[in-house]
Every structure is written in C-alpha cells, then in structure tokens.
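Using the sequences and the accompanying hints, generate a full structural model.
Just so you know, the sequences run in chain order C and A.
Mapping to the working numbering: the first sequence position 89 is 89, numbers consecutive.
Mapping to the working numbering: the second sequence position 203 is 1203, numbers consecutive.
Check each hint, because a few of them may be wrong.
Distance condition first, Cα-Cα at most 16 angstroms in a straight line; then the derived EDC-like pairs of lysine to aspartate or glutamate [unchecked claim]:
{"#": "1", "chain 1": "C", "residue 1": "244", "chain 2": "A", "residue 2": "1110"}
{"#": "2", "chain 1": "C", "residue 1": "138", "chain 2": "C", "residue 2": "23"}
{"#": "3", "chain 1": "C", "residue 1": "316", "chain 2": "A", "residue 2": "1328"}
{"#": "4", "chain 1": "C", "residue 1": "11", "chain 2": "A", "residue 2": "1110"}
{"#": "5", "chain 1": "C", "residue 1": "357", "chain 2": "C", "residue 2": "347"}
{"#": "6", "chain 1": "A", "residue 1": "1305", "chain 2": "C", "residue 2": "43"}
{"#": "7", "chain 1": "C", "residue 1": "318", "chain 2": "A", "residue 2": "1330"}
{"#": "8", "chain 1": "C", "residue 1": "151", "chain 2": "C", "residue 2": "59"}
{"#": "9", "chain 1": "A", "residue 1": "1076", "chain 2": "C", "residue 2": "359"}
{"#": "10", "chain 1": "A", "residue 1": "1305", "chain 2": "C", "residue 2": "299"}
{"#": "11", "chain 1": "A", "residue 1": "1116", "chain 2": "C", "residue 2": "13"}
Computed footprint of chain C on chain A; a stretch qualifies when at least three of its residues, placed anywhere within it, have a C-beta under 8 angstroms from a C-beta of chain C [unchecked claim]:
{"#": "12", "stretch": "1185–1199"}
{"#": "13", "stretch": "1224–1236"}
Just the calculated beta-carbon pair ranges, DEER-fashion [unchecked claim]:
{"#": "14", "chain 1": "A", "residue 1": "1302", "chain 2": "C", "residue 2": "471", "range": "49 to 55 angstroms"}
{"#": "15", "chain 1": "C", "residue 1": "17", "chain 2": "A", "residue 2": "1108", "range": "20 to 26 angstroms"}
{"#": "16", "chain 1": "C", "residue 1": "23", "chain 2": "A", "residue 2": "1120", "range": "30 to 36 angstroms"}
{"#": "17", "chain 1": "C", "residue 1": "7", "chain 2": "A", "residue 2": "1108", "range": "19 to 25 angstroms"}
{"#": "18", "chain 1": "A", "residue 1": "1094", "chain 2": "C", "residue 2": "43", "range": "49 to 55 angstroms"}
{"#": "19", "chain 1": "C", "residue 1": "228", "chain 2": "A", "residue 2": "1315", "range": "27 to 33 angstroms"}
{"#": "20", "chain 1": "C", "residue 1": "68", "chain 2": "A", "residue 2": "1276", "range": "33 to 39 angstroms"}
These are computed hints drawn from the structure, not numbers from a lab.
Idealized CB from N, CA, C, for every residue including glycine.
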Amino acid sequence: MANPKPEELAKIDLAPPKTGWMETPTVFRKGMFCYGNKAKSLETVGFPNPRQWSVSEEDWHLPENWQEIFIEGLRERVSKYRSFRLFLDICVRCGACADKCHYFIGSGDAKNMPVLRAELLRSVYRKYCTSSGKMLGKIAGARELTVDVLKEIWYYAYQCSECRRCSLFCPYGIDTAEITILARELLNLLGLNIDWIAGPVANCWLTGNHLGLQPHTIKDAFDMFIDDVETISGIRVNPSFNRKGAEILFVIPSGSMFADPGTFTAMGEILLFHELGLDYTFSTFASEGGDFGFFTSNEMAKRLHSKIYDEAKRLKVKWILGGECGHMWRVWHQYHNTWYGPVDFLEEPVSPITGTKFENAKSNKTIHICEFTADLIKHGKLNLDPGRNDNLIVTYHDSCNTSRGMGLLEEPRYILKSVCNNFHEMPENTIREQTFCCGSGSGLNASENMELRLRGGLPRANAVKHVAKKYGVNMLACVCAIDRAALPPLMDYWVPGVRVTGLHEMVANALICKGEKKRTTNMRGEPLPGMEGEE
Amino acid sequence: MGLIFSFFAVAALVLVAIIGVKAASLQYLFGVIIPYAAFLFFILGIAYRVLQWARVPVPFRIPTTAGQGKSLPWIKQNKIDNPSSSLGVVVRMALEVLLFRSLFRNTKAELREGPKLSYGSTKWLWIAGLAFHWTFFLILFRHFRLFLEPVPLPIEIMEALDGFFQVGAPVLYITDLIFLGAVTFLFLRRVIIPQVRYISLASDYFPLFLIGAIGASGVIMRYFLKTDVVGVKELTMGLITFSPVVPAGIGTIFYIHLFLVSCLFVYFPLSKLMHMAGVFLSPTRNLVNNNRAELHVNPWNYPVKIHTYAEYEDDFREKMKAAGLPVEKE
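See the structure below:
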C-alpha cells in the first residue's frame, strides 16, 4: 500500500465537520486502523469470543448479548477505578486538550481530540449509568450503544497511543489514556482487539516475549552479538542466561534482541557490563520487559508481567535492572510492584560498582539502566571518549512513558552529554514532559496503519526537522524499543537523513574498554570519525 | 441545538420566577421553601457525589509526572510537578486549585505550509478561567454581608477594595465587571472556536447561561432596579436563623435572582460543575510519585492465571539443553 507523499499528507484540515459529532458517522479509512486479531491469539490466552473476523466487513460476529456484556463491564470498571469514574464525570469540555494530541494535529480528525475521544465512551456511560442521561438522553449528551457506536469506540480506542500528553494540560488531570485503556478492556470482553497486540500477547504468554523468540533463538541472537562486539572492540564478552545466583537480573525489550537499531543497544549493554565485570544474567523466560498485555486488560498485563519477579525469585538474584523500553517502564514504575508486591525476596538495589543505594527503588527493586549508567559516569567509573561519536549530531526524544509516567528526564541527557560532543535539544514545547509520541505507541506499530503512524508522528518529526535544519542533527536518540522500531520509518518519511539510536549504543561507542583493540568502527560497523578508509 | 435549548431553558426559569411571584404571589415558595430545598439538595448532593467517588478504589498510583522524578541525589528533582512527598502533593494541588497550573501550561499548535508545526503559549483560557472562578468566589464571599450581622471586617475590607474606583452610586464593584466579562468570554469562546463549539453540549451552555443570568440579575438589581436592601437582608437573616420571614416590597428581580441561584444549587451536584470537588480526587494529580520506593496496594487485587517457568521449561527443555542453557529438570 503506497502512502501519500509528505506534501499530500501534510494538507491537514483542522476544522471540524459541519454536522454534530453524534450525527457524523465514523468512516473506517484504510491505513488508519490495524487488522483485527486472529482467533488463535485470543484462544491462546483464553480471551472471550475468539472467532474469525475482519474490521472491514460489516458483521464483526459479536456475541448475542454483546450490549449487556459491554455495559456490565463498564459498570464494573467505574466501581473499580476512581480515575475512570471521575474522568467520565468531571470533564468540562474546556478544549485545552484538543490540540495536544499528535493524532489530532496530524490528521485533523475531530474525534481524535482527546476530549471527544473520551466523549465517545462518556456518552454511553451517561446513557446507561447516570440518571440525567437516562432521562434526558441526547440533551444530556447521552447516546444509545449501537453496533456503529461500538465500532466507533473501537476505531478511536486504537487510534490513541496512550501517551498521556493531554493529561498534562488538563486542569483536572483527566488522562485519556486511562479512558482508552479501559475502553480497550471493554472491547476485549467482546473479542475486539487488533492483531498487532493480540499476537504479541499470545507470543509472550507462550515464550516469554512478544516476538515469540524461543530460548535457543535468543541464545543464537546473542551469539551473533558477541561475535560482532568482538569484531568491533576485540573483546569477547560472555553474557549468561538463566544463571542462578547472579547478582542482577537484566531484562530488556525483546525488540532489542531482534531488530536494528535495537540490537546495537543490546550489544552496547553487554559490552558495558563486561567492562564493569557486572555479575548479571539474562533470562530466556523473562525475556521481555514490555507488556502488551497492558494494551488488552489489567488482568492480562498482570498475567504476563508476573514472570519477571517470579524469575528473579527462581534465579535468586538480588535486584532487577531494566533496559531501554518505554511502556515497559511505565508498567514497571506505576504497576509492577502493586500487581506483585511486596517483593521481599529481593534486596534493595545497590550498584556493585559505585556503592550507590537506589533509594527511589527500595520497595520495587528495579532500576532503570539510565539511572544505573548515569551514576557510573558521575562517579567516574567509565573511561569515555565522546569524540568517537563526533560524526553524530544528536537530539534526544523523550519517551512518553518514561517522561510523563515516571519523570526520567535528566539521566538520559546527562549520559548523552557525557558520551557525545554534539547534542542539541528540540524546541521546548516538544520535549521532556511535553514530549510528542512517536505515533506508534501502545501497540499501534503495525504496517497496515502506516498512514496513521505517519500522521501521528508528524509533530515529533517536525520538531526533529527543526533541529536537523538548525544544527544539522543526524541522529535521534531514545530509550524506548517502540521508538527504535517506529522512528526510523517516520524519519525516512518526514526528515530523511536522520537515523535512530538507543542510548547505550552511544555509550558503547564512546566507552574505552580495558584491553580493547584500536577501534575503527562504531557499534554499527561504520567507520569512526577519523578512521574513514582505515581497515 | 444545545445552545438554543440551554438559552430557552434559562429563559423559562426566569419566566417561572416572574409568574410565580408576580402573577401567583408565591413569595414564600420562592423566597423560603425553594431556597431551603435547593440548598439542602446542594449540600447533600455534593456529599453524595464525593462519597460515591471516594468509595471507588484507586488501584494504581498513576500521577502524571510533569518534571524530573526523585532519583539520584545529585539530580535535581522537581518536587512540585513530580512530588515524592505529601507536602509536594499539597503544593501541587494548591497550585492546581488556586492558580490552575495545568491550564497555565496551555499551548496552541499551529500548522503552516511545509508542513511546519509550531507551538506557542496561549494563556487566554487560563486568564478567563481564573478571572471567572476568583470573581465568582469573591462575589459569593461578599454576599455573606447579607447573612451576618454585624458584617465582619474582612467582608467590609473586601467591599471597600472591590469598590475602589468609586464609580457611580451605588459603588460599582470591579468583580461584577470582571465576572460578567469572563462569563461572556467563556461563552463566546465556545461559540467562536470551531473545535470548542464542536465538543460543546447543552450541559456546557446551560451552566454558562444560568450563571450569566444570575450575574446579570444581580447587577440589574443592584444598579438599575434598586431593590429594597433592608427587606432583602431581613429575608436572608431569617433564612439563616431558621425563622423565615418574607417582607413585603422586595422587587421581583430579587426573586428571579434567588430562584436562579436555587436552580444552580440543584443543578450543581448533577453536573460537570462537580469538577470543583472532583479535582481534589484526581489520581493523576493528587498522588505522590514514589511508586518504586513505597508499595501501593490495590484493594481488589486478585490472583491471576500465570504461565510458570516450569511450564515454560516443559515446552522448551530439549531446545534449551541443546543450546547449552541450564534447566531445572534434566
């Protein structure tokens, strides 16, 4: 499927339709939605209503009592989540969130304004759960739950990457992510997911990771990394797997094991740990830090997630180190401990290299690798030559989850500034807590919805374009696996010439290891600055 | 549709008061019974709604973090926008409730040819929102003059400040002007900005018209029709001391004003106006961000079916052995 050219796609009309939103039918536009889930994926994890269905067909093969299921599910959830109930009740529709959503900015579709996206469900809530809605109907903003309304909710629930940017600007902190998370839960009660989420969930259930990498495949992938690292640095690293009694369990997103440029980050990490002599292990079972279950239901998220603490317990490690991943860290930071805790079989994390006690993780026992590495650099434990990254002019993309769901803003910047000489920030309304989504978050990085992704990624790409023009930025650094998957095509489309890197790839480039050979290339096998033409 | 409906709904309310007082002479109903009932409904309604929310658990700690979190000691934490202590949360909430901090951040996205996107700060909604809420509060506060005898000093001082410019007689209150201006702005904004018009429901226009009408009737009463203030105070003091009297000679405009206020009291707990109480309960704003430092408990947490390591090893044992990976069972 060919996408429109950038100039065509950029013709965006932000004016809403002439007809009221309840009267404006939702047209399913090709390229703007993902394929529906396969029956098999739902069966694997025991989700309801597994069947063959297609989004573009009229009949979605819903169960007979689907309305009842949906409404009951809605009632149950407003009694279990204060956030959900409150956010459905108190919105004043001031519109402050309207132009904060990257999908609205990039598509102009009025129903992508966070307030309206939430109203799609709110109108149903009013109809069935409030007395004014029951009595006054449309006057009170209530509407009947029909098949078309259900489809509309589906369409827009899967056009929200749950980045929470809108919640930052809302005077009441209404978080549309919270609403679409629960909308997706309700849709899942009817077997309405997308293939790109349900598939990884099933994979993760069976193999421990979204990509479905089996234990020996993971081992094979790392064997290749080890060879590559040796070629580049002359050092033979020796990561271990499923090793009992290691001090640290290191968990990364499986994307880093399989797809460039994430693989370079994984290589960077094993080189760094080797240099430190860190006593750590990977697990092929807890081989995924991310949790696509989070995009289906709280229960499924918890089911997939438990493997990490369980594995830490089995391997008798002291604490857990988490790699560069976005929503994995949202989940680890905001949900991990609550789902599982108390985690009394692990110890409060202490860096074995610097002795730093990570007070901020004393209950949850998980450390973000950026916290770990920033601490190393601060204590002068790494011998770095930032000049090795001199061919790169770098900017930093904050992942939505680590910034708005955690507050990890300074550590990555500190690391970047230590490992490269050319770092430039994007404009301030587009970074840190105001950061824009890559456009493909929350399981929307399929290929069939590429137009949605390119539109949603426009605000991010535009900010990169700004610094690319101004400072000649040619590398976009990030700490999220979905970013590393989603940003390269986004850059190729909107800002050709800008590539994407993980932070620890940059660290490994700059890291001078004990006994290394004279490095001529970076982690990608490209010549280091000043080493062009040498072999 | 919502706009027209709301306009006529408020107009009908005004008409009800006029007919009730002028034609049917139901002064006691409009002066005593309805206000009492409405006020009771207001108090009980708010309490009910708040308790309803408060009863719902907060399963997860999900603050929106708007600044650097607490991490390494040498990294400067943003203690307000990313609080790790209750004090931080109190400050964050106070700034939110008193100064609308999140709205202060508001930006406007602009798309130009190219495409080129830019974002500029926009403070109009913030300013109008602040002006509206604060003057509303001050006017309400000023009204206590009618319910207290002698009038307490703070109210006297406030009135003196409010009438600082000494325009006309009776003195023109600055708050009245700002209040009506802000209501008008908020209304025009809803009508003029296409996106905001698109999302507006009857329940957005109705309270604006109602509050606008309350303001307008108050202003008309004070500056133009000159209601019998002594009579009004007799009535209000009677209400507050539970010995209601209805003095003769209070103009109809007063009853319109009072009836609209009563309507607002009744409408309040049923509507989005509950954001006033709800903002305090918002989990993205009122929670500390110390999720990894302290255990947060989900009261309805339940065990779930998990895929155990043993099952995983059963599925892959041979492959694991072949790859040289350690296994539990040989």
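Distance restraint between residue 357 of chain C and residue 347 of chain C, which requires alpha-carbon spacing of 16 angstroms or less: holds (11 angstroms)
Agreement of residue 318 of chain C and residue 1330 of chain A with the hint, judged by alpha carbon distance not exceeding 16 angstroms: Distance of about 26 angstroms is beyond 16 angstroms: violated.
CB-CB spacing for residue 471 of chain C and residue 1302 of chain A relative to the 49 to 55 angstroms hint: Given a distance of about 52 angstroms, which is inside 49 to 55 angstroms, the answer is holds.
Cβ separation of residue 68 of chain C and residue 1276 of chain A, checked against the hinted range 33 to 39 angstroms: Once the Cβ atoms are compared, 35 angstroms apart, the range 33 to 39 angstroms for residue 1276 of chain A and residue 68 of chain C holds.
Given hint residue 1328 of chain A paired with residue 316 of chain C - CA-CA distance at most 16 angstroms: holds (14 angstroms)
Restraint status (C-alpha distance of residue 244 of chain C to residue 1110 of chain A at most 16 angstroms): Cα-Cα ~55 angstroms, so violated.
Chain C covers the stretch 1185–1199 of chain A, three or more CB atoms within 8 angstroms, holds or violated: Three-residue rule met by the stretch 1185–1199 of chain A, so holds; n is 7.
Holds or violated: residue 1305 of chain A to residue 43 of chain C, with C-alpha atoms at most 16 angstroms apart: Distance of about 14 angstroms is within 16 angstroms: holds.
Proposed proximity, residue 1110 of chain A with residue 11 of chain C (alpha carbon, max 16 angstroms): holds (13 angstroms)
Cβ distance range 20 to 26 angstroms for residue 17 of chain C and residue 1108 of chain A, holds or violated: holds (21 angstroms)
Whether chain C covers the stretch 1224–1236 of chain A (at least 3 residues having a Cβ closer than 8 angstroms to its Cβ atoms): violated (count 0)
Verdict for residue 23 of chain C, residue 1120 of chain A (Cβ pair) under range 30 to 36 angstroms: This hint holds: roughly 33 angstroms between Cβ atoms.
Checked against the numbered hints above, the structure breaks hints 1, 7 and 13 and satisfies the rest.
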